[in-house]
Structure formats: structure tokens, C-alpha cells
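Undergrad: Letter by letter, the chains look like this.
2 protein chains.
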Amino acid sequence: MKNKIIDLTQVLNETMPVYPGTLKPKFEKSYSIDKNGFAEINMTLVSHTGTHIDAPCHILKGARSLDRFPVEKFIGKAIVIPCEGRSEISLSYLKTFEEKIAQVAFILFYTGWQNKWGTEAYFNDCPTLTKEAAMWLTNFKLDGIGFDAFSVDKMGSAEVITSETLPNHFILLAKEILLIENLTNLDKLPDDIFMFQCLPLKIEDADGSPIRAIATFE
Amino acid sequence: MKNKIIDLTQVLNETMPVYPGTLKPKFEKSYSIDKNGFAEINMTLVSHTGTHIDAPCHILKGARSLDRFPVEKFIGKAIVIPCEGRSEISLSYLKTFEEKIAQVAFILFYTGWQNKWGTEAYFNDCPTLTKEAAMWLTNFKLDGIGFDAFSVDKMGSAEVITSETLPNHFILLAKEILLIENLTNLDKLPDDIFMFQCLPLKIEDADGSPIRAIATFE
Chain A
4 MKNKIIDLTQ
14 VLNETMPVYP
24 GTLKPKFEKS
34 YSIDKNGFAE
44 INMTLVSHTG
54 THIDAPCHIL
64 KGARSLDRFP
74 VEKFIGKAIV
84 IPCEGRSEIS
94 LSYLKTFEEK
104 IAQVAFILFY
114 TGWQNKWGTE
124 AYFNDCPTLT
134 KEAAMWLTNF
144 KLDGIGFDAF
154 SVDKMGSAEV
164 ITSETLPNHF
174 ILLAKEILLI
184 ENLTNLDKLP
194 DDIFMFQCLP
204 LKIEDADGSP
214 IRAIATFE
Chain B
4 MKNKIIDLTQ
14 VLNETMPVYP
24 GTLKPKFEKS
34 YSIDKNGFAE
44 INMTLVSHTG
54 THIDAPCHIL
64 KGARSLDRFP
74 VEKFIGKAIV
84 IPCEGRSEIS
94 LSYLKTFEEK
104 IAQVAFILFY
114 TGWQNKWGTE
124 AYFNDCPTLT
134 KEAAMWLTNF
144 KLDGIGFDAF
154 SVDKMGSAEV
164 ITSETLPNHF
174 ILLAKEILLI
184 ENLTNLDKLP
194 DDIFMFQCLP
204 LKIEDADGSP
214 IRAIATFE
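These protein sequence lines are chains A and B, in that order.
Taken in order, the first sequence gives residues 4 to 221; the numbers are from this note's numbering.
Taken in order, the second sequence gives residues 4 to 221; the numbers are from this note's numbering.
Looking at chain A on its own, in the form it has when it is part of the complex:
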């Protein structure tokens, strides 16, 4: 590979941040070289731990799980849109990127939240798409959108889960636009189009999956 590769993935360990109210992952060293001659970790984690994808069936009954998409779904051209310092990502702002959006399969939104990873402030409201911005994105042939933040919707709205409280999840997943959350290193990406990939584990009926997300470019 002469291409440059950027790792867009947060580390998985027992002290990592998790979405409030959800289980912390466990990584138990169940076998060790000293005692057993080999090392093995027994891990317990939910399908939405760390850098991960939300599948349509995470929120929509009868919708597609990650294992029902071909692998091509998880690899494609991408751009990053800088959203640092914005409270919301508006339709008018997105329209300034329209020509590039029409050429890609993935949009990654750099909110700056990656710099709050590991602090309480990470779960403060991050810049999110307005409902009309999310609806406008469904006009394009997108495979997914990603954030260096915990969600595509505001945190406060998540206590009761409906299309009113988590509008962007419902709008985007209904169109099979995958949601990629807790990315990092989005500030290290080029201004131009690059290749992005977010292959999930091949879990049967996966409503989500932790991933190793990367970007490649020349």
C-alpha cells in the first residue's frame, strides 16, 4: 500500500466512555501465558460500544441488520465536513458542500467532540443535523454518515425513543443511511475526497457493531 491510512477508531477498554445508562464493556484476561501457556480475553460488550455502526433495525422494526448488507455497503468515497463550533448543522450550511456530497457514499462530520472523549463533556449536546438537513441528505445516494460524537441526535431527547425525540435516526435509517458514531482523527483527513471503510463484525441479526474504521488516500 503506497496509500496513506488513517485509523479513525477509539480504543476499546474497560475505562472507555459509554452512552449514559448502557453497560461498560469487560475485557477479562481469562487465560494467560504464565498459567495456561496462551493468552485469551473473554469480552462482554454491547453492539453499540465505542466506534460503531447503527443498523436500520436498531430503531426500525423489520428493517435491515448489518449482516444483510453486502460488504460493498461499508466501503466508499467520503468527505469530511467541518462543524467545529456550530450548535447545529443546518441545511444552508450543507448546501455549500452539495457538489461534493453528490460524489460520495459517506459524509463524516467533524464536530471537535473527539477532543472531549474520556471527559464528562463528551456527552454534552454535540452539533447535530437539523431535521430538514437530515431529510435533504436522503436525496443523495449515501451509504452512511459518521460523527466524532456519540450520536446524530441530541442526548436530551433520547429518554423516550420515538421519531419525534430521535428524528435524525428515524429519517436516515429509514433510507438505509448507516450511522457511524464515536469516530476520531477526523481532523487528520484531507479536504478532498478520500476512501472510507467501516466493516462491521459479521454478527447474525446485528442491530449494530463495533468497527475498525479507516480512511485511505494518496
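Keep in mind that a hint or two might mislead.
When chains are identical, the list treats them as one kind, so a pair holds in a single copy or across two.
Straight-line alpha carbon distances no greater than 27 Å define the calculated DSSO-like cross-link-like pairs of lysine-lysine that follow [unchecked claim]:
(1) 103 to 27
(2) 191 to 76
(3) 157 to 7
(4) 38 to 178
Hint data in this document are derived by calculation from the structure and do not stem from the laboratory.
Take the given structure of chain A and dock chain B to it, following the hints.
TA: Okay, now just chain B, sitting in the frame of chain A:
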């Protein structure tokens, strides 16, 4: 992507085969759309479940874990070597591929064992490298070797784990040649060189990781 992509990964579920004596994975649907408004799986699995990588520190004390390699380690040129019907993979047989081996980062060995996945016969002795063949491979700049079978060593030898009973694990991991096990679809790969990737989850101190392995070619 105009490239063709082949998924080389076995499905993860509760009925999948696991290495004899190790824990079966659990995928508990802990939240559901009907009850909670969203679906989430709580999963418990060991670091060597399904299609996975063995890191050097799986067997060798103080050796490198998967998270300590740059992502470039897991992506590179590859060939597949057909080994169906052979009881062992000998040095003289490997030498017939020497020119190609010198050009790639990964060698995938097609043993035909992928067709036994889900049957008891999967854990019968598969074709494995002779010790001298494994040692010869350390002369090349390989990042990893993969199999559509459960191990790079014979099963019977695994009861006590030493460099005598699992020679190929020790020889190859000492040179940081990663071992990729339980691949599938190796019969669908081209005769020529293709691109292979086996990105692990970014688990801290990972002695192994389940992966979504793919091959791409034009």
C-alpha cells in the same frame, strides 16, 4: 468501488463452531424495539472466536498485541495457495510459489476445510505447514498467513502448549507473522495477486480479535 470484493468471514452466532474446550459466544438481545424502542445485543465472546487473528502475545510473553501495530499491518497484497487434499504443506510445495510469495504481504492457504464448517469434521486435522515450511516462510516480508481452517498447527498437539506441541504458532508469531484462522470463500479468489485486509477491533492489549476479512481485486 469498481473493484470486486469477496467477504472471507464466517457468521458469528450462538451455534457457530468454536475451538474445542473454549466458550461458545452469546448474543443476547438485551433491548428490543417492542419493549424499549431500540434494539441492542449484549455479546460475550473470546478474542479468538470465528474468523480471527492471533497476535504474537497470544503465545509469546511480552510480544506485541494487535493494538500495537499500525493499521497498515493488516492490509496488503496476497495470494492464495491451493492445499486441498494434502495432509501437510511441505517446503518443496511452497517453493513452487516462491516468486509470488516474495511479492506479497499475506498468504492464504485454501485447505477445503471451509466446507466442513458447522460439522464435527471441521476439527479433524487439517493440512498444516511442516516445521521447515513455516521456518522458510520467515525469510519473507510477510505480515500474516491465513487458513480456512481452525489452526496453523495440528489439533492433537494443543493439549499442552509449548514450542514443541504448537511449533508453527511459535515460529511464525516470533517473527510477527500474524495468524488468521477460520477464513472462508478462499475458493472464490483469483489465481493472481489480490488485496487482502483483516483489520482487528481496537481492543487494548489484544491477544486476538474477531475480524471482518475481505479480499478486493479488479
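Undergrad: Against this structure, judge whether each hint is valid.
TA: Verification of the supplied hints:
For the homomeric pair residue 103 and residue 27, neither the shortest alpha-carbon distance inside one copy (38 Å) nor that between copies (46 Å) is at most 27 Å. For the identical chains of this complex, residue 191 and residue 76 are neighbours both inside a copy (24 Å) and across copies (20 Å), given an alpha-carbon limit of 27 Å. Taking identical chains as interchangeable, the C-alpha atoms of residue 157 and residue 7 are never at most 27 Å apart, the minima being 34 Å within one chain and 38 Å between chains. Taking the closest pair of Cα atoms, residue 38 and residue 178 come within 27 Å of each other only across two copies (23 Å); inside a single copy the shortest separation is 51 Å, beyond that limit.
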